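Chemist: Sequence order for the protein chains is F and W.
Just so you know, we're using the working numbering here: the first sequence kicks off at 11 and counts up by one.
Just so you know, we're using the working numbering here: the second sequence kicks off at -8 and counts up by one.
If you're looking for bench data, these hints aren't it; they were derived computationally from the structure.
Fair warning: this is a prediction, and the values are worked out from it, not measured in the lab.
Built from N, CA and C at the ideal position, the CB exists for glycine as well.
It is possible that some hints are incorrect.
With a straight-line cut-off of 30 Å between C-alpha atoms, the simulated DSSO-like cross-links for lysine-lysine are [claimed, not checked]:
{"no.": "1", "chain 1": "W", "residue 1": "Lys32", "chain 2": "F", "residue 2": "Lys13"}
{"no.": "2", "chain 1": "W", "residue 1": "Lys27", "chain 2": "W", "residue 2": "Lys58"}
{"no.": "3", "chain 1": "F", "residue 1": "Lys79", "chain 2": "W", "residue 2": "Lys32"}
{"no.": "4", "chain 1": "W", "residue 1": "Lys58", "chain 2": "F", "residue 2": "Lys79"}
{"no.": "5", "chain 1": "F", "residue 1": "Lys79", "chain 2": "W", "residue 2": "Lys31"}
{"no.": "6", "chain 1": "F", "residue 1": "Lys13", "chain 2": "W", "residue 2": "Lys10"}
{"no.": "7", "chain 1": "W", "residue 1": "Lys58", "chain 2": "W", "residue 2": "Lys0"}
{"no.": "8", "chain 1": "W", "residue 1": "Lys27", "chain 2": "W", "residue 2": "Lys43"}
{"no.": "9", "chain 1": "F", "residue 1": "Lys13", "chain 2": "W", "residue 2": "Lys27"}
{"no.": "10", "chain 1": "F", "residue 1": "Lys13", "chain 2": "W", "residue 2": "Lys35"}
{"no.": "11", "chain 1": "W", "residue 1": "Lys58", "chain 2": "W", "residue 2": "Lys32"}
{"no.": "12", "chain 1": "W", "residue 1": "Lys43", "chain 2": "F", "residue 2": "Lys79"}
Listed next, with one range per pair, are the computed distances between beta-carbon atoms [claimed, not checked]:
{"no.": "13", "chain 1": "F", "residue 1": "Glu26", "chain 2": "W", "residue 2": "Gly7", "range": "44 to 54 Å"}
{"no.": "14", "chain 1": "F", "residue 1": "Leu49", "chain 2": "W", "residue 2": "Leu18", "range": "43 to 53 Å"}
{"no.": "15", "chain 1": "W", "residue 1": "Met6", "chain 2": "F", "residue 2": "Thr115", "range": "26 to 36 Å"}
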Amino acid sequence: DAKTTQPNSMESNEEEPVHLPCNHSTISGTDYIHWYRQLPSQGPEYVIHGLTSNVNNRMASLAIAEDRKSSTLILHRATLRDAAVYYCILRRHRTGTASKLTFGTGTRLQVTL
Amino acid sequence: DTAVSQTPKYLVTQMGNDKSIKCEQNLGHDTMYWYKQDSKKFLKIMFSYNNKELIINETVPNRFSPKSPDKAHLNLHINSLELGDSAVYFCASSQITQGSHGNTIYFGEGSWLTVV
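Extracted from the complex, chain F is given alone in its bound form:
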């Protein structure tokens, strides 16, 4: 799987938007961009994924650059419960086959009052 690069850590104030960047300059055409997060002492949790177009769901938004070499996870209003490690992962999907998640070091998001 192609590699992603994320900042080690970021800080945000509660109730403010957070933009978590991810670079993936070697992404291939069949790679989906996935975001997972891991809250303290819990298993990873799916956040959002996309291929080319921007995506929104109840948890977050995903903005994908036109050349797909970078993306940004947007938390519209950070809360203390959003404090976690956020992983940006590329998955090469082939229909009908399993594809593993290759986790990097992620971005540790701290949210303060």
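Chain W: place on chain F using the hints.
Modeler: Frame of chain F, contents of chain W only:
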């Protein structure tokens, strides 16, 4: 209802012992995984089973043996435990279906294994 459940949540055992971690998913998924998160917090896949068939087998010592009695269960047995096996082990599941393009993976809450 917990979607992916693992037992035990905490396990402390001595070197040389044999232990098992059990995992069950009630999501109706056909694929299950074991991941290991070490003390440096790196998460790495160990195994994956699809409909009881091993499909992903990363470089893992032979002391680790996964067993899938049915597609809802994937247990991890570890023989001759070593200090370096201390880690958090996460079970996960997903559905591989024709036309799916995300294969969202759902993780359990982890099993904290400490070898002393």
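Chemist: Now look at each hint and say whether the structure bears it out.
Modeler: These are the hints, each one checked on the structure:
{"no.": "1", "hint": "Lys32(W) / Lys13(F)", "verdict": "18 Å, holds"}
{"no.": "2", "hint": "Lys27(W) / Lys58(W)", "verdict": "16 Å, holds"}
{"no.": "3", "hint": "Lys79(F) / Lys32(W)", "verdict": "26 Å, holds"}
{"no.": "4", "hint": "Lys58(W) / Lys79(F)", "verdict": "39 Å, violated"}
{"no.": "5", "hint": "Lys79(F) / Lys31(W)", "verdict": "28 Å, holds"}
{"no.": "6", "hint": "Lys13(F) / Lys10(W)", "verdict": "35 Å, violated"}
{"no.": "7", "hint": "Lys58(W) / Lys0(W)", "verdict": "19 Å, holds"}
{"no.": "8", "hint": "Lys27(W) / Lys43(W)", "verdict": "20 Å, holds"}
{"no.": "9", "hint": "Lys13(F) / Lys27(W)", "verdict": "20 Å, holds"}
{"no.": "10", "hint": "Lys13(F) / Lys35(W)", "verdict": "14 Å, holds"}
{"no.": "11", "hint": "Lys58(W) / Lys32(W)", "verdict": "25 Å, holds"}
{"no.": "12", "hint": "Lys43(W) / Lys79(F)", "verdict": "37 Å, violated"}
{"no.": "13", "hint": "Glu26(F) / Gly7(W): 44 to 54 Å", "verdict": "52 Å, holds"}
{"no.": "14", "hint": "Leu49(F) / Leu18(W): 43 to 53 Å", "verdict": "20 Å, violated"}
{"no.": "15", "hint": "Met6(W) / Thr115(F): 26 to 36 Å", "verdict": "29 Å, holds"}
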